[in-house]
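Add chain B to chain A, keeping to what the hints say.
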Amino acid sequence: MNSLILTLLVFSPLAGAAVLLFIPKEKERALKTAGLVATMPALILSGIILIQNALGADIERFSVSVPWFKMGNVNLGGEYFFTVNYELGMDGFSLIMMTLAAVLATLSASASSFIQSGWKGYFSLLLILETGMLGVFAAENLILFFIFLELTLVPMFFLIGKWGFAGREKAAWYYLLYNGIGSAILLIVIVYLFGLTGTVNIEKLMDLAGDFPAAVQLGLLLALLVSFGVKLPIVPLHTWMLHVHVQAPPPVVMLHSGVLLKIGAYGTIRIGIGLFPEAFQTLGTAIMILGTVNLLYGAFLALIQTDFKRILAYSSVSHMGIVLIGLGAMNEAGIQGAIFQTVSHGFISALLFLLVGVMAVRFQTTDIRELGGLARKLPKLSSVLLAAGMASLGLPGMSGFISEFMAFMGIFLVQPELGAVAAVGLILTAAYVLRAVLSITFGKEKGAEGSLPDLKWHEAGPAWVLLFLIISVGVFPNGLAVPLQPAIETIMKGIGG
Amino acid sequence: MDAETLMSYNWMLMMPEFMVLGGAVLISVLDLLLPKKTGREWLGWLGLAAIAGAAGVLFFLTPSETEGILGDSFVLDGFAKLFKILLLGGAALIYLLTFQEKKSEITERSEFYTLWLTGLLGAMFMSSSRDLMTLFVGLELLSISSYIMAGLKKKDQKSNEAAMKYVINGGVATAITLFGMSYLYGITGTVSLSDMSGQLQSLETADHLFVLGLSFLIIFTGLSFKIAAAPYHMWVPDVYEGAPTSVAAFLSVVSKTAGFILIIRLFYTVFLNTSILQGESMLMNMQPYIAVLAALTMIIGNVTALKQRNVKRMLAYSSIGHAGYMLVAFASPQSPLMFDAIWFYLLAYLFMNAGAFAILLVIEQQTGSAHLDSFSGLYKRSPVIAVLMGILLLSLAGIPGTAGFMAKLTILLTAFTNQVPMLILASIMLAATVISYVYYFRVFAHMFFKQGEAEPRLRFHPAAAAALLICTAGTILFGIFPDIL
Chain A
1 MNSLILTLLV FSPLAGAAVL LFIPKEKERA LKTAGLVATM PALILSGIIL IQNALGADIE
61 RFSVSVPWFK MGNVNLGGEY FFTVNYELGM DGFSLIMMTL AAVLATLSAS ASSFIQSGWK
121 GYFSLLLILE TGMLGVFAAE NLILFFIFLE LTLVPMFFLI GKWGFAGREK AAWYYLLYNG
181 IGSAILLIVI VYLFGLTGTV NIEKLMDLAG DFPAAVQLGL LLALLVSFGV KLPIVPLHTW
241 MLHVHVQAPP PVVMLHSGVL LKIGAYGTIR IGIGLFPEAF QTLGTAIMIL GTVNLLYGAF
301 LALIQTDFKR ILAYSSVSHM GIVLIGLGAM NEAGIQGAIF QTVSHGFISA LLFLLVGVMA
361 VRFQTTDIRE LGGLARKLPK LSSVLLAAGM ASLGLPGMSG FISEFMAFMG IFLVQPELGA
421 VAAVGLILTA AYVLRAVLSI TFGKEKGAEG SLPDLKWHEA GPAWVLLFLI ISVGVFPNGL
481 AVPLQPAIET IMKGIGG
Chain B
498 MDAETLMSYN WMLMMPEFMV LGGAVLISVL DLLLPKKTGR EWLGWLGLAA IAGAAGVLFF
558 LTPSETEGIL GDSFVLDGFA KLFKILLLGG AALIYLLTFQ EKKSEITERS EFYTLWLTGL
618 LGAMFMSSSR DLMTLFVGLE LLSISSYIMA GLKKKDQKSN EAAMKYVING GVATAITLFG
678 MSYLYGITGT VSLSDMSGQL QSLETADHLF VLGLSFLIIF TGLSFKIAAA PYHMWVPDVY
738 EGAPTSVAAF LSVVSKTAGF ILIIRLFYTV FLNTSILQGE SMLMNMQPYI AVLAALTMII
798 GNVTALKQRN VKRMLAYSSI GHAGYMLVAF ASPQSPLMFD AIWFYLLAYL FMNAGAFAIL
858 LVIEQQTGSA HLDSFSGLYK RSPVIAVLMG ILLLSLAGIP GTAGFMAKLT ILLTAFTNQV
918 PMLILASIML AATVISYVYY FRVFAHMFFK QGEAEPRLRF HPAAAAALLI CTAGTILFGI
978 FPDIL
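Protein chains in written order, with our numbering: chain A, 1 to 497; chain B, 498 to 982.
Hints are computed from structural coordinates only; laboratory data are not their basis. Given the structure is predicted, the values throughout are model-derived calculations rather than measurements. Glycine is no exception: its CB is placed at the ideal position from the N, C-alpha and C atoms. There's no promise every hint is true.
Stretches of chain B that chain A covers, calculated by requiring three or more beta carbons in the stretch to come under 8 Å of a beta carbon on chain A [to be verified]:
no. : segment
1   : 905-911
2   : 938-946
Distance condition first, Cα-Cα at most 30 Å in a straight line; then the derived DSBU-like pairs of lysine-lysine [claimed, not checked]:
no. : chain 1 : residue 1 : chain 2 : residue 2
3   : B       : 662       : A       : 27
4   : A       : 70        : B       : 655
5   : B       : 877       : A       : 162
6   : B       : 578       : A       : 27
Just chain A, with the same shape it has in the complex (with noise of 0.2 Å):
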């Protein structure tokens, strides 16, 4: 029963998706509900693992692997060379991934009544993607990775194309030529190590890797770090998210920043450094270097912007450069912060473009010149609003706090200057935060004439259960931290620390 509750997690929104399938493309209510409650189980079940977790219970027991395809009848070394297994399992690290992208995939169904038609169409790629997202940080083996990582692409590419903005086509295209070619390049070393050693199972490759050349570990790096470097994004591969976080409906953008940029960080944690963790720390310096340059480069760009969608996306580049700077300081202090950023940005910035997307709705602009004096209009939005910044710029007592903190730490033990420097991007950040923010919520009103609604119960509850989750990040980290805390032992004992 244990080996099945992994499986039943990841393919149970795929099955939704087919249930949909039955429903007629007319009835727009039983399609929404449908849609909603087929997330629901991921949601149950990880919150079930996670409970156990929490009380102690070894979570490898629910691992599963079963003999899946072996590649042409080549039997020359051992008993696995060139097969695949089909193997999920999870460790702490993977088990929170899961529940942020379960928490989303609901909340971002939820938050899906901006969509005005098509829902039988929308609901099914959704659940699609949630399948690819859940599936991707439970594969044990590269293959499955990446089956899981394209499983992502393709709705992506419908979801923005057809149910986007204004530019919705160009943003899909973008989206799906980039992250084609990150994939490419991921493929490409997918496939040669398994040509080099015969098995693509992630950790028997860990044991395997350790005795390649340096030059053969520093570059299969270098290839997967430009490929989930695209997916993160690192600046300069980062243009293609700023038309996605701009064009795609919010509700998909909330999974998008939420939950997809985190894949690449993921990539590199449980691959990148999980793989090659001596050739990740030739490289810190550099990684750190461009952590620094995306989290300045991000947050001036942001500060200069006055579409509020693209002060958040470039907003997300910055944010995306902190983790890179925990990672580039290869210390525990680092990697937690970089880990605790991943899921902390997922649950930031899923809650403001929640917020964009009310926006949006309500005024049809989402230019901050054009809005003003919320709070008097819109209480509810524009309590929610300040909250969301304030935990974006990383006020104590949010989740962003102590990401930051903890990354910075990382930073400040190794390379002190270089620290000074990236820590100049967080005073950029509250004056970004801060400009959008505060301009929106205060000052002379602007925007549509008469009453408008404000927070719908269907907006209200995802963005309440966001704020929530932030400030019990905030608040009581232990939370995270501890079930964290086991795969990162694992990684510094991979780098020897």
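Chain B alone, transformed into the frame defined by chain A:
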């Protein structure tokens, strides 16, 4: 050879070929005997029955070891059987599409079916032949049948042009192939591939080696015509565009498979064991040339496909690209996965391409053109067909979950398990794949994002619909369980 020797052969080995031949003969005789006014469509089912019968017999023929008749010029081994499965399966699946072709366009129905079977017969002979003569006869039987089939829409100018181009180009290619083969015969004095291989092993002098290398390249160039690869790919788009769509599908699947059969049969038997001066075999020595051709084929096919607005031409260029991918596997002769990779790719290609052609055929019939615009708004008109087309296109693009992905994965792995891993070739292959996303997904964009004209729903002949369903099912099934066979 007296009658007794003749009778002593195990003719059962050739039974599948006899079935196909019998079908062809039966159809043409019935065509002669039947009154002029009687419809000929039902004869098609006879042909299908012949193919099915051949497949059934083949299924029970399990050679424990290589068995040959007629002085080993015809053999049935594991290789022949595996590839015959592909040929018969592909021919049968695409055969179903012929029922969809309009009666008014292809008037000579019984000839059509006969030629289909003789073409298939030629291909089957190639997969079993062990000497140059039978190889060449099989090749010509397939080629000549295809030339005529390409021109079967007699009143259509493009079809006439296609047949003309095909026959001229094909004639040149055949001549080149034959020229190369004549070198082989000249050096060894035998047409039997196994004897030839034995003779060549003891070849030492550098003069002969030069001639041998030349013959390799000449034969390869000639055969690149059949598999639609560079440098002999120019005919592909024009012929595909002009020929009846089911024939284009036949060319892209059966004919291509036959081309690969010929290449593998010939080069593996003859050139793999030829130790040339440094103790390396000729095939390995030629690896760089094959790799360059593979790279060129992938790049030319995929980049040119980008410019196409006619989906039929786009599929033609994409078929050039796919030939390039398969050549990547062929350029890795030392990889233990080479055979599997090419075979599985051809299998995946059979399903995804035949399916795409089925939908293209129906759309072309309804709108009168294969232009991208004919696909606009297909999702609104026929959502199921649009989704099926989507799955087939995803497979052609090599997205996971489909047979196309597994096939590409095997090829990539082949390139990396070669003695010298071919990183550059594999990178070119993936770059070409990303380029191919653009034109495959462009069809998506038209089907799902664009508004089309209000056309009625698509009408499928039950046979074509069955073919489409089998193709899609196969695409998904082999994408998830590639080990099933």
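Hint by hint, here is what the structure shows:
{"no.": "1", "hint": "905-911", "in the structure": "holds (count 4)"}
{"no.": "2", "hint": "938-946", "in the structure": "holds (count 5)"}
{"no.": "3", "hint": "B:662 <-> A:27", "in the structure": "54 Å, violated"}
{"no.": "4", "hint": "A:70 <-> B:655", "in the structure": "46 Å, violated"}
{"no.": "5", "hint": "B:877 <-> A:162", "in the structure": "13 Å, holds"}
{"no.": "6", "hint": "B:578 <-> A:27", "in the structure": "52 Å, violated"}
In the structure shown, a violation is registered for the earlier hints numbered 3, 4, 6, in ascending order.
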